[in-house]
Amino acid sequence: MEKYDGPDSGRVRIDDPWYDALASGWGELDGTGAPAPTVPPARQEQDDRAARAADVYLEVQRSAAFQEVRSRYRRFVVPAVAVFFSWYLAYVVTATTAPGLMARPVAGAVNVAMLAGLGQFLTTFLFTWAYARHARLRRDRAALDLRWDTQELTRGVAGGER
Amino acid sequence: MTGNHQTLALLLFSVFVAVTLAITTWVSRHRHGSAEEFYAGGRLFSPMENGFAIAGDYMSAASFLGISGLIALFGYDGLLYSVGFLVAWLVVLFLVAELVRNCGRFTLADVVAARMSERPVRIAAGTSSVTVSVLYLVAQMVGAGSLVALLLGGTSEAAQAWTVIGVGALMIVYVSMGGMRATTWIQIVKAVLLMGGAITLTVLVLVRFHGDFNQLLRTAAERSGHGSSFLAPGLKYGGDWTARLDFISLGLALVLGTAGLPHILSRFYTVPTARAARRSVVWSIGLIGGFYLMTIVLGFGAAAIVGSDTVRGSNASGNTAVPLLALDLGGGPASSGGTVLFAIVAAIAFATILAVVAGITLASSTSVAHDLYASLRRRHAKPRSEVAVARTAAVGIGVVAIALGLLARDLNVAFLVGLAFAVAASANLPVLLYSLFWRNFTTRGAVWSVYGGLGPALVLVLLSPVVTGSPASLFPGVDLQYFPLENPGLVSIPLGFLAGWLGTVTSAEPPDEAKHAETEVRALTGAGAV
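Protein sequence lines correspond, in order, to chains U and H.
With our numbering applied, the first sequence closes on residue 162, and no number is skipped along the way.
With our numbering applied, the second sequence closes on residue 530, and no number is skipped along the way.
These are calculated hints, taken from the structure and not from any lab test.
Using N, Cα and C, we set each Cβ at its ideal position, and we do this for glycine too.
Please note that a few of the clues may not be correct.
To be verified - Not everything, but these chain U residues come out facing chain H in the computed CB check (under 7 Å):
{"#": "1", "residue": "Ser-63"}
{"#": "2", "residue": "Val-69"}
{"#": "3", "residue": "Pro-99"}
{"#": "4", "residue": "Ala-103"}
{"#": "5", "residue": "Gly-108"}
Unchecked claim - To spell it out: a stretch of chain U is covered by chain H in this simulated footprint if at least three of its residues, at any positions, have a beta carbon under 8 Å from a beta carbon of chain H; those stretches are:
{"#": "6", "stretch": "78 to 84"}
{"#": "7", "stretch": "89 to 96"}
{"#": "8", "stretch": "110 to 116"}
{"#": "9", "stretch": "130 to 137"}
Could you build all of it, start to finish, from the sequences and the hints given here?
Structural data, given as structure tokens:
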């Protein structure tokens with residue numbers, strides 16, 4: 001949000017309420033009609049429009065709401081990828097380099113290797129469940145709100161062309 | 001195997017073909033020939049339907065017959081191999097499915113090209129996608145020929161050739177007439193049949209052992225002739241350090257390659273939203289995981305009931321383990337139960353090959369038309385003709401696949417599946433991940449990472465023991481073997497990532513921050529997604 005005063009923001013002329021509105025609801029944006037009135041609708045150059053559409057994405061990317069969604073995604077995915085990938089590599093490397101260890105019996109005919117292999121299946125199912133749950137509860141709503149808001153903004157820019 | 005089996009198997013397979021052909025005609029009755037319709041089936045499949053279709057696309061005959069056969073012959077090492085195919089889906093679920101659904105339209109190249117200078121990136125990604133598809137396709141077609149010969153007992157060369165031609169012709173009809181919608185329905189029907197067959201056999205095996213998995217393992221170990229080492233790793237992928245490294249390389253390629261397979265990526269565009277893409281992956285992980293768990297039971301069951309030696313005597317690579325198991329579970333070769341079960345398994349295997357081949361053909365014709373043709377055509381060509389190009393490409397690729405399948409039918413092409421995964425992981429995955437997650441990624445980085453993964457993977461295979469220099473090679477007479485591993489993944493995957501990084505840091509053009517913002521916002525929110 002500090003970056004709001006950056007060089008690009010002037011061109012788009014998105015007003016301050018933009019950011020508060022993310023939290024408090026977007027209904028009024030159309031009323032304040034951010035970018036459209038700044039230029040005469042007809043005869044604008046293609047590049048200009050493209051640049052302003054790009055600015056919408058830059059602004060959204062810098063918004064607190066988007067950064068929250070992104071960090072929630074990353075906070076789950078980065079550790080999860082690190083864990084399952086090293087667990088799989090460890091499994092494959094151990095199975096190929098230390099078959100003696102893997103052959104150690106645990107109960108009946110079941111040995112360490114069998115437990116580790118079935119463990120891979122189990123952890124895959126668990127990770128899948130955890131990811132789906134995390135995405136559903138922690139990300140979907142915020143991402144959907146951002147989607148409509150962003151499309152509203154880009155439509156505002158695109159609307160200027162007709 | 002008597003004539004009874006064959007007649008019944010052919011009858012069941014004909015029913016499958018008739019049903020799927022009916023579906024193809026039905027879904028294409030009011031097609032309007034748009035790209036959306038042909039490449040993505042109108043994007044209106046439900047997550048469950050797409051989940052079944054993904055599972056159908058992914059579980060090839062190599063999984064159904066090959067992995068359970070590996071387990072029947074080598075015990076634990078077959079299981080070790082199958083784990084990579086499942087864990088790979090976590091990469092797809094976490095890093096790829098939703099983001100790709102949000103950013104792209106039809107292909108992998110769409111995602112990358114959105115950020116970069118379009119033409120070189122599209123040509124690069126299109127080339128590597130077509131390469132992966134063709135490698136995978138040839139493996140399937142060769143498999144089709146030998147499998148049919150195996151299951152129908154018709155070992156005559158002509159019968160094999162006609163089967164390959166027949167499978168190829170059917171697949172060309174499906175894909176060029178029905179596009180994604182027909183292909184998806186074929187995958188769904190096939191996945192249901194495959195799961196149904198696997199569940200039936202698994203239940204029968206478990207009933208035979210009174211639900212005692214421990215007893216099943218003990219009997220399998222006893223009858224395999226290897227004793228307790230049958231239940232531990234090392235029988236197939238043990239041996240010297242080259243063989244062990246080779247397996248690590250294969251494991252890496254499997255787990256990273258799935259997320260770069262074009263026919264899997266294109267499936268995410270058949271659902272309306274990223275959320276639906278996620279839910280379809282969850283469905284497919286459930287189905288695929290359940291299926292591989294059942295192949296474990298089937299593999300050890302075949303070793304315990306049929307016996308490893310009998311399986312090996314029937315087919316050296318174990319592909320007949322499940323059909324033989326079905327014959328025994330049904331009551332033996334002379335009984336009607338055995339005949340029926342065997343015929344069902346054979347028909348499912350045909351259906352599996354046909355469906356997988358159709359899926360890959362569609363994906364590669366999409367890459368040819370949407371990426372390569374669209375970038376290389378003359379400026380004044382009409383965009384409307386893209387779907388026509390895709391249909392033509394499907395026919396062309398089908399003909400090439402049939403020809404290669406016939407030419408290569410006597411060669412040992414088992415390495416091709418692993419190679420397809422290795423190329424996908426080296427050429428497609430790095431560029432995809434960099435595009436989605438790396439702010440400073442540039443056009444040059446994208447192009448370098450594709451060719452930097454594709455080139456080494458292919459060159460290393462040419463220099464490897466699968467092509468020359470050993471008795472099992474494609475060309476045993478020549479010796480160009482400089483690279484010891486059969487699977488290039490261990491070297492080529494890091495090279496793909498390295499080349500992408502190197503291309504990016506050395507490029508003169510600054511990274512386009514606005515395009516990165518657009519990709520990131522669209523990927524995570526779905527704004528502007530089609």
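Against the structure, the hints:
no.: 1; hint: Ser-63; verdict: 9 Å, violated
no.: 2; hint: Val-69; verdict: 6 Å, holds
no.: 3; hint: Pro-99; verdict: 4 Å, holds
no.: 4; hint: Ala-103; verdict: 3 Å, holds
no.: 5; hint: Gly-108; verdict: 4 Å, holds
no.: 6; hint: 78 to 84; verdict: holds (count 3)
no.: 7; hint: 89 to 96; verdict: holds (count 6)
no.: 8; hint: 110 to 116; verdict: holds (count 4)
no.: 9; hint: 130 to 137; verdict: holds (count 3)
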